[in-house]
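Sequences and hints are given; from them, build the entire structure.
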Amino acid sequence: MVQSSFYLSAAVCLALAAPAAAQTAGGTPKLSDGKVKIGVLTDIAGPTSMANGKGSVVAAQMAAEDFGADLNVEVISADHSGKPDIGSQIAGRWFDVEGVDAVADMQGSPIGFAVQNMAAQKSKIMLLSGSTSSDFNGKACSPLTVQWTVDTYNLAKGAAKSVIEAGGTKWYFLTVDQAYGNALTRDTSEQVKLNGGQVVGNSVFPPNTSDFASFLLTASSAGANVIAIAASSGDTVTALKQADEFGLSAKAKIVPLQSVLTDVHAVGLKIAHDAYEVSPFYWDRTPDTRAWAEKFFAKAKQMPTGFHAGVYSSVAHYLKAVRATGTDDAPTVMTQMEKERVHDVFAADGYIREDRKMIHDMYLLQVKKPGENKGAWDLYNVVQTLSGESVNRPLSESPCPLVKK
1 MVQSSFYLSA
11 AVCLALAAPA
21 AAQTAGGTPK
31 LSDGKVKIGV
41 LTDIAGPTSM
51 ANGKGSVVAA
61 QMAAEDFGAD
71 LNVEVISADH
81 SGKPDIGSQI
91 AGRWFDVEGV
101 DAVADMQGSP
111 IGFAVQNMAA
121 QKSKIMLLSG
131 STSSDFNGKA
141 CSPLTVQWTV
151 DTYNLAKGAA
161 KSVIEAGGTK
171 WYFLTVDQAY
181 GNALTRDTSE
191 QVKLNGGQVV
201 GNSVFPPNTS
211 DFASFLLTAS
221 SAGANVIAIA
231 ASSGDTVTAL
241 KQADEFGLSA
251 KAKIVPLQSV
261 LTDVHAVGLK
271 IAHDAYEVSP
281 FYWDRTPDTR
291 AWAEKFFAKA
301 KQMPTGFHAG
311 VYSSVAHYLK
321 AVRATGTDDA
331 PTVMTQMEKE
341 RVHDVFAADG
351 YIREDRKMIH
361 DMYLLQVKKP
371 GENKGAWDLY
381 NVVQTLSGES
391 VNRPLSESPC
401 PLVKK
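Mind the numbering: the sequence shown is residues 1 to 405 in the UniProt record's numbering, read in order.
Everything labelled a hint here was simulated from the structure, so no lab data went into it.
Watch out, some of these pointers could steer you wrong.
[As the list claims (entries may be wrong)] Lysine-lysine pairs mimicking BS3-like chemistry, simulated, CA-CA at most 27 Å apart: (1) Lys251 to Lys368; (2) Lys139 to Lys404; (3) Lys369 to Lys161; (4) Lys301 to Lys170; (5) Lys374 to Lys270; (6) Lys339 to Lys251; (7) Lys369 to Lys301; (8) Lys170 to Lys368; (9) Lys339 to Lys122; (10) Lys193 to Lys253.
[Unchecked claim] Between beta-carbon pairs, the in silico distance windows are: (11) Asp288 to Asp177: 36 to 42 Å; (12) Lys30 to Asn373: 33 to 39 Å; (13) Ser123 to Glu340: 19 to 25 Å; (14) Lys404 to Thr218: 41 to 47 Å; (15) Lys404 to Ala291: 37 to 43 Å.
Idealized CB from N, CA, C, for every residue including glycine.
What follows is the structure in structure tokens.
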């Protein structure tokens with residue numbers, strides 16, 4: 001199925017050969033148009049395409065194959081090109097014309113914010129994996145939006161504590177001028193101060209910056225012993241490479257706050273070794289994660305990031321709820337999603353909180369030294385498991401209007 005429009009650079013469809021009406025405890029599913037249609041809105045060809053992109057589409061398809069066999073499931077995808085207006089246009093067409101029931105991934109918080117109100121008005125579910133601003137479970141929470149994979153509070157709390165305990169007390173931030181970059185620096189700055197550290201400066205830069213020299217030199221001259229990069233994959237990789245070129249890793253800890261597996265794979269262990277990362281998932285952590293990752297690799301030709309695993313988990317949980325309720329009515333399905341715990345390759349015992357954050361364990365990872373790895377994707381040691389409750393904002397502090405105080 002190919003969708004024709006100037007903004008659509010990729011469309012991938014999956015129609016499972018199964019009866020459109022499956023028998024459930026509640027009877028025959030009453031699907032609004034005879035099918036469950038899921039749209040994966042992501043960065044197909046841009047700077048975060050390896051972290052999300054086609055891999056997110058593959059992950060959604062795998063969930064449909066594993067959990068939609070008794071439903072008529074269709075998965076489509078589109079490239080938002082990193083632009084909120086394009087993302088809104090795509091989502092509007094999906095909702096009004098193409099009958100999409102739920103949108104997954106939503107790489108980039110500006111895209112998520114641009115689509116969220118429209119989704120709520122049209123009673124559509126949003127399964128956020130790539131939108132990481134903690135405002136999605138804070139002041140901007142919405143009844144039909146679930147932030148599934150990670151948020152800036154998780155990343156901030158895990159990173160600040162571990163780095164300060166390792167001696168990194170004076171922090172300088174390089175912040176991409178986007179919603180999640182600003183939220184990540186805000187949340188991390190708060191955690192740095194709570195843990196006894198000091199923020200000595202912050203340089204804000206536009207997305208897709210090619211020259212970080214002035215920012216890095218300013219950070220070095222400010223006396224920072226931590227240079228924290230609050231950006232997504234493309235800018236993170238560029239900043240890491242240039243920090244290495246300037247020899248700054250010998251003077252300060254370089255902390256990529258939202259680094260993912262594919263970023264480390266891109267820069268290599270020679271540059272990234274010993275860096276800490278807080279992640280919701282690592283493919284080589286358990287026999288189950290390895291087995292699932294091998295299946296993913298066979299389809300995507302790369303190992304999965306946490307964002308990919310989050311898309312798989314969120315779509316799978318959504319489809320289970322559709323089957324259990326016998327409908328694709330969004331409020332009904334969301335209520336069922338809240339009732340059921342999440343047990344899959346991504347989350348051992350996850351659950352959706354009233355602020356619409358999916359609570360699950362996170363992992364403190366450390367990049368291996370050159371020579372320690374046994375293969376191209378063997379990149380981390382798992383240092384510590386961080387319980388879901390410990391790395392998420394306490395509900396008592398939540399500004400989400402859905403939280404009963």
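Results of checking the hints against the structure:
no., hint, result
1, Lys251 to Lys368, "20 Å, holds"
2, Lys139 to Lys404, "14 Å, holds"
3, Lys369 to Lys161, "22 Å, holds"
4, Lys301 to Lys170, "40 Å, violated"
5, Lys374 to Lys270, "15 Å, holds"
6, Lys339 to Lys251, "49 Å, violated"
7, Lys369 to Lys301, "24 Å, holds"
8, Lys170 to Lys368, "24 Å, holds"
9, Lys339 to Lys122, "23 Å, holds"
10, Lys193 to Lys253, "17 Å, holds"
11, Asp288 to Asp177: 36 to 42 Å, "39 Å, holds"
12, Lys30 to Asn373: 33 to 39 Å, "51 Å, violated"
13, Ser123 to Glu340: 19 to 25 Å, "20 Å, holds"
14, Lys404 to Thr218: 41 to 47 Å, "45 Å, holds"
15, Lys404 to Ala291: 37 to 43 Å, "40 Å, holds"
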